[in-house]
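Enquirer: Go ahead and model the full structure; you've got the sequences and the hints to work with.
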Amino acid sequence: MSQGGIKRIIGLIRLYGLLISGAVRAKMQYKFDFIASILLETVMGAYDYMVAVAALWRFHTIAGWNIYEVGLLYSVSKIGWGLYRAFLEEVDRFEGYIIRGDFDAILTRPYPSLFVLASRNFAMERLSFVIQGTAILVISLRNLLGLGVLDWSGVLHLGLAILWTTLITCAIGIATSAAAFIIVRVEELQVFTQNAPGTATLYPLEIYPTWLRNMLLYFIPLGVGNYIPVRYLLGKGGSWLNLVAPAVTAAISLAVAVRLWHLGEVRYHSTGS
Amino acid sequence: MTTGQEDLAVSARNLCKAYFVPVKKSGFLGGLRTLLSQEKRRVDAVNDVSFNIRPGEFVGYIGPNGAGKSTTVKMLTGILHPTSGEVLVDGLSPQKQRKELARRIGVVFGQRTQLWWDLPTIDSFDILSAMYDVNASDYRAFLKEFDDLLGLGEFLDTPVRRLSLGQRMRAELAAALIHRPSILFLDEPTIGLDVVAKQRMREFLTTVNATRGVTVLLTTHDLKDIEELCPRVMIVNHGSLIYDGTLESLRNHAHLPTILEVKYYKLPEGLSAGSFIGPRGEGASAPLNGTWQIASVDPDSRSVRVLFDREHSPAPVVISAMQALGEIRDVSLEEPAIEDIIRRILEVK
Chain U
1 MSQGGIKRII GLIRLYGLLI SGAVRAKMQY KFDFIASILL ETVMGAYDYM
51 VAVAALWRFH TIAGWNIYEV GLLYSVSKIG WGLYRAFLEE VDRFEGYIIR
101 GDFDAILTRP YPSLFVLASR NFAMERLSFV IQGTAILVIS LRNLLGLGVL
151 DWSGVLHLGL AILWTTLITC AIGIATSAAA FIIVRVEELQ VFTQNAPGTA
201 TLYPLEIYPT WLRNMLLYFI PLGVGNYIPV RYLLGKGGSW LNLVAPAVTA
251 AISLAVAVRL WHLGEVRYHS TGS
Chain L
1 MTTGQEDLAV SARNLCKAYF VPVKKSGFLG GLRTLLSQEK RRVDAVNDVS
51 FNIRPGEFVG YIGPNGAGKS TTVKMLTGIL HPTSGEVLVD GLSPQKQRKE
101 LARRIGVVFG QRTQLWWDLP TIDSFDILSA MYDVNASDYR AFLKEFDDLL
151 GLGEFLDTPV RRLSLGQRMR AELAAALIHR PSILFLDEPT IGLDVVAKQR
201 MREFLTTVNA TRGVTVLLTT HDLKDIEELC PRVMIVNHGS LIYDGTLESL
251 RNHAHLPTIL EVKYYKLPEG LSAGSFIGPR GEGASAPLNG TWQIASVDPD
301 SRSVRVLFDR EHSPAPVVIS AMQALGEIRD VSLEEPAIED IIRRILEVK
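Chains U and L, in that order, give the protein sequences. Heads up: the first sequence begins at 1 in my numbering, then just goes up one per residue. Heads up: the second sequence begins at 1 in my numbering, then just goes up one per residue.
In case anyone wonders, no lab produced these hints; they're calculated from the structure. One thing to keep in mind: the hints can contain errors.
Taking lysine-lysine and the BS3-like style, the derived pairs with C-alpha atoms no more than 30 angstroms apart in a straight line are [claimed, not checked]:
1) L:K99 - U:K7
2) L:K40 - L:K25
3) L:K40 - L:K96
4) L:K144 - L:K96
5) U:K7 - L:K96
6) L:K266 - L:K224
7) L:K40 - L:K24
8) U:K27 - L:K24
9) L:K144 - L:K99
Expert: Given below as structure tokens:
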């Protein structure tokens, strides 16, 4: 990369930091609201996990995966979701910008609209998902490392799986919100492309019918982020390609998502004044 | 594009923006049938609009609600993509070179804020100066200059949400100029402001235009803005440009009468509203060439109001005709209100 390119990226990172610190300070004006939302998120998220634990307690294993193994799927997916929500909260809430016409102001800035949008908020309250996910990850790893099912290089690969899952989750979020340029309201679509697949990939994909499994691998590829690498790392099949597939999927899905975003941007209709 | 247009601040050629809205079905399951129907109605928000703006001009862009003003401004600033036509702003395509252009233009939408609502006002300027790569010494100079011009200093530490509307609009204007843009787009910047705040804003805009040579395109519903600021006016209605010229020729264009009010020591006999008067003060019952209509006669104040068209009859000629009727105590002239002129233009088209 050229020196000018590196300088530009450093400039962007500095600007991002400045914008985020402004957004966080603004949020701190409403401390009660902030603390209440963190508490609520954590409690709600824990409830989610309780359901999974209850199911596993009952059956001991799901499709041959024990509670700690499912814990890996769960934590990779949850941490990825939490990071997506923290960094791209405004992308997730994008339909509001379309409805209110607030996207106008974003387009008057000399930066890509996704950057301007993302830099408007860092949703710390969403880190509650990351905290939950990390807690489950630590519990699962203690067991699996102790039994020798996983070694430390496996832990490193899990770290990468979290990164790719985060990027895939971001891509799906961006692509879904890009639909708002045309259909305006995307809340229902988000349930279909983000929430439901997100919940589905907390469990091993073996339990689903083929069509659903294929959908979670090829159409909304959240399963490629956690299930594919974790399956290989736990010795449940696959090859080293299972570790590469998430990176490739992340790159492709991000490229597609950003392309869809640009296609949408051209069709942006704004609102009357 | 032909050469030469690159030197213009703004050039728009046959600019069109059409929306396609689904045709609403009525009756049984109307909503669902609307959703499923392929039937779309074309709405031309902006229809074949062409104009040039030279650097340093101050142009007023007016028209009724929904006429296409905002849509045009949004196409010029890269927010919307035209359905057809070409547009160049400062030599750049707002659509293809949006990010580059954003560094050269300033935009204020009166109805929306571009400031950080919950932060002290100074923070917005800090952030914007970083966003537009304004170096530290230019930034200090900016704060100093705009404190002098707009009195920013008095509310820099106040969160934006607690500013009065007048203060906020001053801050918005400063924010739009922080990166020294060569063109300023203002969409109803005086909306909701009180008389004093409006006046202050107008004086500031005059200064910015005169001293910095900033080109300004202003949309407004306040025609006083236009009278005080804009030598050139463009009027848009139903998406089409129906007038583009000076404010002065707009007055002539409308053929609306000027009113001459004459106060007499003793009210002349035989004058009545609706009758006509000739150049030597002679009465006439029907409009002839070179006669003027009497609008009203007020016995209490002993005054008579006469309508005349400045283009055909110089005011002194009308006054001397009135003088032939009796000794005049006082005269005053009332120009047609710009509201009336524009209403007339919109009605005629």
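Enquirer: With reference to the structure, classify each hint as holding or not holding.
Expert: Do the hints match the structure? See the list:
1. L:K99 - U:K7: With Cα atoms ~18 angstroms apart, K99 (chain L) and K7 (chain U) stay inside 30 angstroms; holds.
2. L:K40 - L:K25: Roughly 11 angstroms separates the two Cα atoms, so the pair holds.
3. L:K40 - L:K96: holds (28 angstroms)
4. L:K144 - L:K96: Outside the cut-off at roughly 35 angstroms; violated.
5. U:K7 - L:K96: This hinted pair holds, its Cα atoms lying about 24 angstroms apart.
6. L:K266 - L:K224: Violated, at roughly 37 angstroms.
7. L:K40 - L:K24: Within the cut-off at roughly 9 angstroms; holds.
8. U:K27 - L:K24: Cα-Cα ~42 angstroms, so violated.
9. L:K144 - L:K99: It holds: about 28 angstroms lies between the C-alpha atoms, which stays within 30 angstroms.
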